[in-house]
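A.B. asks: Listed here are the chains, written in short residue letters.
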Amino acid sequence: MSERGQKLPSDVRVGVYVCHCGVNIAAVVDVRQVAQLARGLPGVVVARDYNYMCSDPGQELIRQDIRDYALNRIVVASCSPHLHEETFRHAAAAGGLNPYLVHMVNIREHVSWVHPDRERATEKACELVRAAVRRVVWHEPLEQARVSIHPDVLVVGGGIAGIHAALTLANAGKRVYLVERQPSIGGHMAMFDKTFPTLDCAACILTPKMSAVQAHPNITLWTLAEVTRVEGYVGNYEVEITRWPRYVREDLCSGCLKCIEACVYKDARFPDEFNLGLSKRKPIYLPFPQAVPQVPVIDPATCIQFKSGKCKKTCVEACGERGAIDLQAVPKVERVRVGSVILATGFQTFDPRRMPEYGYGIYPNVYTSLEVERLVNASGPTGGEIVLRDGRRPQSVGIIHCVGSRDRRHNPWCSRVCCMYSLKLAHLIRERTGAEVFNFYIDMRTPGKGFEEFYQRLLEEGVHFIRGRVAGVSDWALDPSEEGKLVLRVEDTLLGIVRRIPVDMVVLAVGLEPRSDAEELRRLFRVSCSAEGFFLERHPKLAPVSTFAEGVFVAGCCQGPKDIPDTVAQAGAAAAEALALIDRGSIEQEPNTAYVLADHCSACRTCVSLCPYSAISIVGGDGRPHAEINPALCKGCGTCVAACPSGSIRQHLFEDEQIVAEIEGILAGVAGG
Amino acid sequence: MKPKVAFYWCASCGGCEEAVLDLGEDVLPVLEAVEIVFWPVALDWKREDVEALPDGSLAAAFINGAIRTSEQEEMVRLLRRKAQLVFAVGACAQLGGIPGLANLFDREEILEQVYVRVPSVVNPEGIKPSCRWSDGGRQLELPEFWEGVRTLAQVVEVDYALPGCPPTPALLADAVQRLLNGTLPERGSVLAPDHALCQDCPRQASKPDSLVVREFKRPHQAWIDPERCMLAQGFLCLGPATRSGCGARCIHGNMPCTGCFGPTGRVRDFGAKALSGLASIVASQDEKELENIFRGIPDPAGTFYRYSLPSLIGSRKAQS
Amino acid sequence: MAVTRTLRYQREADPEWTEWLRRQPGCEAFWECLQCGTCSGACPLSIYMDFTPRRVIALVREGFYRDALSCQTIWLCASCYACAVHCPRGIRITDLMYTLKREAIRRKVHPKGLPTPVLAQEFYRMVQRRGRNSEFWLVLRMALKSDPWALVRLARSGWRLLRAGRLSMRTEQIRQADQLRTMFAAAREGR
Amino acid sequence: MKQLADNRAESSNGFEPKIVGFFCNWCTYLAADLAGTSRLHYAPNVRVVRVMCSGRVDPQFVLEAFAKGADGVLIGGCHPGDCHYQEGNYKALRRYVLLRRLLEQLGVEPGRFRLEWISASEGERLRAVINEMVEQVRALGPFRGFNRLPVKLAQLHGQKECSKEPASVETVEL
Amino acid sequence: MALRRYLYYPGCSLRGTGVAYDESLRECFRQLGLELVELEDWNCCGATSYMAIDEGAACVLSARVLALAQQQAPGVDLVAPCSACYLVLRKTEDYISRYPEIRSRVEASLRKAGLPVQIGVQVRHPLEVLWEDVGPEAIRKRVQRHWRGGRVACYYGCQAVRPYGEVDRPIRPTRLDELMEAVNVPVVDYSLRTRCCGGSLTGTIHEVGLRLNYILLKEAVRRGAEAIVTMCPLCQFNLDVFQNEMERQTGEPFDLPVLYFTQVLGWCLGAELEKLGLRHLIAGRDLVERWFVKERPVEAYV
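Residue numbers (my numbering), protein chains in the order written: chain A, 1 to 673; chain B, 674 to 993; chain C, 994 to 1184; chain D, 1185 to 1358; chain E, 1359 to 1660.
Hints listed in this document are in silico derivations from the structure and should not be mistaken for laboratory results. Keep in mind that the hints are not guaranteed to be accurate.
[As the list claims (entries may be wrong)] In silico contact screen, one side only, chain C against chain A (beta carbon under 8 Å); selected entries: (1) 1168; (2) 1169; (3) 1170; (4) 1172; (5) 1174; (6) 1178.
[As the list claims (entries may be wrong)] Here are some, though not all, of the chain B residues that point toward chain D, as calculated from beta-carbon distances under 7 Å: (7) 751; (8) 948; (9) 953; (10) 956; (11) 969; (12) 973.
Glycine included, every Cβ here is placed at the ideal spot set by N, Cα and C.
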């Protein structure tokens, strides 16, 4: 019917470009045949196949054709639009064409990589191209809208990634909110003794940065705090942060720690979280000596006052006139507006209780690597002495690599840092105790600056390297020499012989995995997670710190396992991306917004309640009321468009005609026209 | 010479013809202005008379009703040949109308139902209509009952549509006037305003800005507040999806709109769009609960395609 | 002193056989083997095997099926599935062993001195005929076919069992043995 | 691999279902991208139309697809609570629940129309859903159109002359 | 407690060397108000040997058992006490659902035999039934006799907890230990609880089989166990029958009762002694006598 929608534009001149992507596409899809088909489609003036469309010459091809053939529509059949839509829009713009007259067809991720059958893959590619040609005919030139970027940044997580990102931004003069859930910043790195491969002291390099955060005028640091609500969009996020009470006021405390001394508990008797239960603390305690802020915290789960209300409150007394201790403190909610967010929430280590064959939690002398980090730490529970839970000093130690990693039953990925930290622990243990150290590895992975040299050094030190994955740890003695020891049964795969190796101490090199609450955070910020649960970057190579939520960046191990240098590098990159966003001041919005045909709208109000951004309102009061969409608020989901019962709302880039043309194009071969 | 016009009816109830009569005295000037050469319901003209006319000699043919039989098809083809303009009058001709609901069933089932199963039928031999019948050596012939109901436009080219079940006399008069004045719009137009009924609804002001529905009530089940928006009260009203021009007759009668004026100009499929708008405002996010709420719509096809089943996308003739 | 030469020419490898093996039920995943040796470490019998289970996988993966089929390893496997539950790649090594056993018997390359294949075959025949197995007769037949001297040793245990009322010399048989035979025939055709 | 081989065997005896997929840009489309980068092989019968959100899927598109010859329609959106636009997927669900009832009335078997939540990380699930649906639709056979049972009628009708299609309907295959 | 019904598939071993398991299981279930109805005309499951000869035939063999169960009492769970039977039947179900080729062969054979093709039988181990359908708490409440024996090592054996099984987790299972503790039987921490006894190796490669069982017994003794509690007829057989021979070879005296968990449980729940099959035990008869039947003349029971 002629009155439905737009008229088919006349004088359409389409150029179709089919990419080989080297062999990625061309090895499966017959790209020549696809181009051939395109040449025969109505409106197509030129159709080519080319090795790499995204390369400079490839883009130049498009620019040249626009000039030579007066093209006014472009279809590029290559990879996912998530990868190169921008590239080809730019190419078109450089050729003098409105960038929105370009449409991409995904014949790599959706075709050549998933359908090995050449004939059927080619058939599918042809149909998708035909659909795109039909669709692009309906495209119209569009202008981009701009949104302004609020200059403040939120950094979630106060480990080394968050600290580095926050400092970078703050040093550039930006206001940063740093939110940390624990009572102190520092993260996992604060727990380490030495860092590989240089063996410099973790505390020595981290502590100054922690203090710098505390002191920086541009950084607002909230510890014991969690993000509980996020609204808004890139440039204008509104974030709600809940600050759980510390019960000691940071603004009043001088850090004298007299309160801890004065606690009615004369001896520390509760497992110390920071030392992973290897030592004890009081109900009021400082998480660790270098904690930032240097303010004690009260744990209501163990404090008598909170449990029974009948404490003498000697801590309050000790604090005296300062009155920093506030047992009545309640959670406080902060609301901030920021333009961008950096997620640096880190990782958790694999819980080896999930692998009972390794005896963790069953045999006291089986340790996780993180526990050993505390054990060898000079400021740790034993002052750096390696003493077992039973008080003995180990004479032989087995370090099992890949615990929970590279395992389809648990975490299929390689955690990347375990080989190196196992070497480091082997070195430290050997150095401190002189014990025989056995490393059980599947593959030794030392790809980093100075890493292989470190491995070489360990070999020279006489540490045993046995290539084989330990099948089980037990205290089952088959031989008198094994009595009282933990026995590791393993095939030494280089010998091809099964060995039993008795040791005094077993160290489980536990892998890194996503934090158990990564899922909740992911929902809050509307970012995606990869299959294993780490935050998903926008592109693994080309956009490694961006996410699919614009303005939200990731840094550190929340994105995937990595070591400290990589974490810091990534945090710097995330900070730089955030800076780039802020300094641009505003960004272009995809012009895929919905709009109302005011003359046709009957103000039925179906759409109003559907918009999650309250972008739709009824205007026109007494005269002729109709709906109106505020393009600055519209994010382009198209829900109202689909709902409008009289077809009076439309959407740029996703017009009914475009989508229907695409459907028809896909199926054109079926119904015979 | 006065322009010649013809009226014809196909599968319809006759209501559209009534609408012509409902013009009352206003019909007189029309009769003054045109010469009616064919109008089976009112005048005794034969098919041969029409056949005898030269092709294109009629200024317009006003055809109501959907197409179900061979006779209907032959007649509309004939009229198409003779007429310069063809008007699809009423919902049946435009969209298929109530008779179009027969498309939910196949032909055999319908014949079986009507001639055998209905309790009031006495038909021990189970005789069903067939095209040819011989009776005492005489060959009798009946029009063929096609397999489905089609809209007029699915059989012949239609120039204008007058929507409604039936179209209002005012719309009819207006169409004739435009024909005489030569002020008809572009061919293919629907001769009614191109916005939804809500625009002209007397209860427009009572519509809440945020329209949500938690249950569906049917008009016979509850009292209908005559002042408030039907949807806001939970009555399934198709006003938001239906083309205006009817004068909100049903609403004035305190009944919800059932969609006889069909879709607005930008909608490809009335039922799908009406369903989409309605389902979107149901206040639930839970599949089970949604199923429950939608039980309040016992017959979705009959509700959303009450007047338009034959014009469902994909049922239409691919007209080029 | 005699020396043995061990050298594998690439022409001895048969990748097609490996492909065939991959399509056998339970054998899909061995391609993913990391050669970590967990299977051997977990296996209580690996210390008696000529090749550890890991090495068997390495052999079949490289297509050296003659070594894999003629080794003792597959006949020492007691089907305890320890390897399968410990394998970080989810390879069902026990099921792979079964496939190798079948193939070894089919090609008649199993080691001749071992009674294990004999037991399997005798068991198979007995159940094929009667639908059930009778422990006494099974052990007797196996011993007679492989190592009659073992009977001397077995007699002592047998006597103890008999005294405890645990040894029955009755042959067990199901009522509808013919139904079972029909089923085997149908299954062969349904292949 | 095995599954795929079976598909091929099936395809030799003719019918390859054609399924139109409406995938949301942020979850299911990305899941399909992930399936690609992970080289997961699946049945090539689904053609994807990208929409920003499953909430953009107008029931008209679904009818249009069936009308133009699709044998099945698959809508893919983010999991409940995960929508990039907060609640678009719920809007899709509302329409889906009612639309599938309507389609049943119009003679579309339930297996031909599905709404699935597939997140960006679920490449494997995408493959499973597609393979399963393709098999399901394959088993149902080609879609013959709304309210149209031409095969059934032809079989039922004895009198040849009466069952002939009217002349103008030659293009009304659906 | 409501009477629950189960189909019962004893398997070949429980007809021969494992007869004590058969007797005590029936009695134990009776004590708990669980009814066992023996599957009619059941056949051998194929055990470990069949798969080594003909995989298709192996599946047909166990599929017949499943189909009989489906035919005789649809919807009723099938209890398979022998670990090998349990694993093989479950593996067959898995294979049928996973591999179309096997499914078509199995279905062809079932059709030919007039047996149901659609099989929805749940195959379960007695320990699984006791744990899930009755529960350790309920069992604790029904204890009638106070255990006066020594500490035991709970030996799960391998196949019941392996990939196709659901009796307990495959590595370091605990349910048998907890069940024993529920009836006040002290257990030792036995780290070899799932280490294979060698199965039929004692009959084929005798020395190896013997060594495996020697290790199991020795470690149990080292842990301070005075008896071993088992849940598989083959494990019980291997550990029980060859103790004499081991003593001859190693000079280390072994005389450990190797009990079925159903015997211990049944006794604690107050079962009649004659019905626990204690007379079928070979090793450690003195202890068995002292623990189970102290006050009465030995001859009557042992």
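A.B. asks: Hints numbered earlier in the text: which of these fail when held up against the supplied structure?
C.D. replies: 1, 2, 3, 4, 5, 6, 7, 10, 11
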